Amino acid sequence: MLPLLRHARYVLSENPITGLAFGLFALFLIAAAFGPVLAPYSPLQSNAAMALKPPSAAHWFGTDQLGRDIFSRVLVATRLDLAIAFASVILAFLLGALSGVAAGYFGGWTDRVVGRLADTIMAFPLFVLAMGIVAALGNEVINIVIATAIINFPLYARVARAEANVRRDAGFVEAARLSGNGETRVLLGHVLPNIMPIMMVQMSLTMGYAILNAAGLSFIGLGVRPPAAEWGIMVAEGANFIQSGEWWIALFPGATLMLAVFCFNLLGDGLRDIIDPRMRT
Amino acid sequence: MTAVPALSVEDLSVEFRTRSGVVKVLEHVGFSVDKGETVALVGESGSGKSVTAFAVMGILDAAGKVTSGRALFGGADLLALGEHDLAEQRGRELSMIFQNPRTALNPIRRVGLQIADVLVRHGGATRSDAPRAAVEMLKKVRIPDPERRAEAYPFELSGGMCQRIMIAIALACRPALLIADEPTTGLDVTTQAVIMDLIGELAGEAGMATIFITHDLALAAEYCDRIVVMHAGHIVEAAPGRELFAHPRHPYSAKLLAATPGETVSLEKLASIPGGLPDLRRPDLPACRYSDRCERRLDQCAQPLPQRTVGERHVVACWNPL
Amino acid sequence: MTGDMPGPLLDIAELAKRFTVGARQGLLARATSFRKPVAPLPQLHAVDEVSFTIGRGETVGLVGESGCGKSTLVRLINRLLDPSSGSIRLGGAELADFKARTFASNPHRARIQMVFQDAGDSLNPRFTAADAIADPIRRLKKMSGAKLTARVEALADMTGLPRELLSRFPHQLSGGQKARVGIARAVAVEPALLILDEPTAALDVSVQVVILQLLQQLKRELGMSYLFVSHDLNVVRLLCDRVLVMYLGKVVEQGPAAEVFADPKHPYTKALISAIPQAEPEQRIGRLRLGGEPRSPIDPDPRVCRFYGRCPKGTPRCAEEMPLLHPAGPARQVACHFA
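Residue numbers (numbering that gives the first Met the number 0), protein chains in the order written: chain A, 0 to 280; chain B, 0 to 321; chain C, 0 to 338.
Calculated from the structure, these hints are not laboratory results.
Every value quoted in this text rests on a predicted model; they were computed, and no experiment measured them.
A portion of the hints provided could be inaccurate.
[As the list claims (entries may be wrong)] Footprint (simulated), chain B over chain C, 3 or more residues, beta carbon under 8 Å:
1. 101 to 109
2. 196 to 207
3. 211 to 221
All C-beta atoms, glycine included, are put in the ideal place defined by N, C-alpha and C.
Chain A extracted, bound-state conformation (with noise of 0.2 Å):
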């Protein structure tokens, strides 16, 4: 564990931007687990009084047309987003990788039947895709984290696929199979992590997807409901009154969603170069 974090140290001083990324992460972690807490307002809260007032001291965002402080919404909101996005990775990640790097490795028909799943996964517009589960499944939060899996399946499976398949002539293959470990085994135990590095950074990529699938969904009216705070939502809600000259509504949430996106491509990055051992000298 140890050479483990020196390591990290020596990859996060190499690239002062993957230390910025870290220490952004860390903070939405922060909003995540302690937002309801250090809101200085209940989200939901309405106080028509102080509807659509600009960004001051009292509201640092501003307020909503039903007077809600927008900053505690932003915070609050995090937890939810980001509990989405993660949901949403680990289940792709579940279905997809481990299809893939069983269909890389096994070729036949176990490749020919994820191949023909991804393919229809695919033929569809995503988004479009991933409205119609959400919609035929229910508008619940649950179901944004399995529309947003089931679309991004044909990207794991296709990378993990991909990874195991040049793999699976290399040498240490053929020795971990003369060293007794069956053909199961093989594949979770030594072929598998070996494409971790490419999956982690898969997966930072497609959180910051996955976010911003659910805020698209929220936008429609899929998924999460008013007056539940997620940045989707407020972006929709923050979108009526652009015109009118209410820039603070949309564009807060806006940008925390911009940012968090940001965060966990270069989150991705990073991490592969941790976690990759020949990086290691």
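Let chain A serve as the given structure and place chains B and C on it in line with the hints.
Positioned in the frame of chain A, the structure of chains B and C alone reads:
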């Protein structure tokens, strides 16, 4: 013997800037190759033999820097030429073939066209008659059914055939100097013999000078006129092949011979070389980089290396030669 | 299994492996071709009725050019691949009866192990040296905990690998060190037969000496037999008691190493030996240059000698009657009409 050598490398030193320090890869390397002569650069990994060739060709890694020396070729110093002038020389007067022939060829271009490319770029051929000239080259390197093979892609050909294609590309414009970097490593011993014969024959025909880089001493001895032995970025000995095998004068050369199977009768008689390569990043490298593990070391060995002539074209860089 | 078993350790008889070449017909084509018979697909004869034995404590060398079937033969013997036909008997047990897919859990798995050509490629980049060496012991000897650690350390000592290097990853090790890890892993479960696939091909000559001497020492200490596959005939000459020469899937000559090298009988063996580079080429006995390319291993004509066409000798008989291995001296066999 008064003729100007085809290539004369003088006092070449190369450094590499890495994350963990400056690596003094080559130091004061000097040798020459006469017209029509084959010289082998022999050494283990880390000896600097490939770096020497890359430096002469001007294709060193971006982290590499030539810190001193000259490479006189055709009246000019290759190390002082700009990239444009150097590019004019490469392919026309100065050519190189590499290890792993299949990966050195463009995988998505037919081999006939790859030969034609060189002919058009450097040989003054036109786009229309270059393909015919390419087939002539294929005949020269003895590829059977050359008209059909010219249409093949590298992946369709065996390792030996790909190496012949590389030779065809390298010799298409009849260069004055050919550098061959481990061209037969990875090839079967029978294919190796054929390829080496081919290079020797074509070189002899054209009076071409050849530098042959290898780790295989016996191969160097059989096919080359002279052998230059390198160790940790230094040239330690240079002699005609037979002379080197019969009378190695540098302790390292002797140890290298004693470790090579083929010259020994039993496994027990084979001797490994004690110690290891020095760390070339050290600021306090000794003048003789072999001295730390040499059993014949004297106090004198801390002084800069001499160049002692100990026989006909036999030079050794040692204060206490065998 | 009573008492000491006489006879060879490994007995290969008529072992063959054929691969189907070309695409299989699709479902639709097969369904609609009910009238015409489906033509048999061409077969690549990678290993063609090979028979030989390896005695206890013996080192047998296997030489031949690329494409001769060495790698396939090796994979058949170490049971990573299933044969098309033939027998693989190890100390009396018929290994061809078991499927390669499930051989990992077979009690015989530990008896045959292998040292790979490219040590770097054969080590999992995400495993430390200790993990790599421990893996077979964990899987096949069911050891764990302190006992396992002690065994790994003992193996490191046995193979000359400094203990501090056990926690390193492959990319942090030198070529020689990686080779030692590969060897430690292979001998960890004390196999009866160790297959060495060009174990020193990627190593400098000085490191090669040390590794070869180590292999020799381990063979004596652990009482193993070796199958030594190599391109480097000089190394084969040093290490091997007997040598097998393969060409296009068939064994064309076999015998004691010293004899085969001094007096090769098959034209291909002659060409091979005469191609070994040496400092005094005039001293070479009979130079035989081999041009051309080998015949195709796909659906070869069973009556024609595989070497016909490339062989300097070549009579009509060679194209009508396949030469079989016949004795050519005590303990020697050649497959040629002229030997």
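Okay, the hints, checked on the actual structure:
no. : hint       : result
1   : 101 to 109 : violated (count 0)
2   : 196 to 207 : holds (count 5)
3   : 211 to 221 : holds (count 3)
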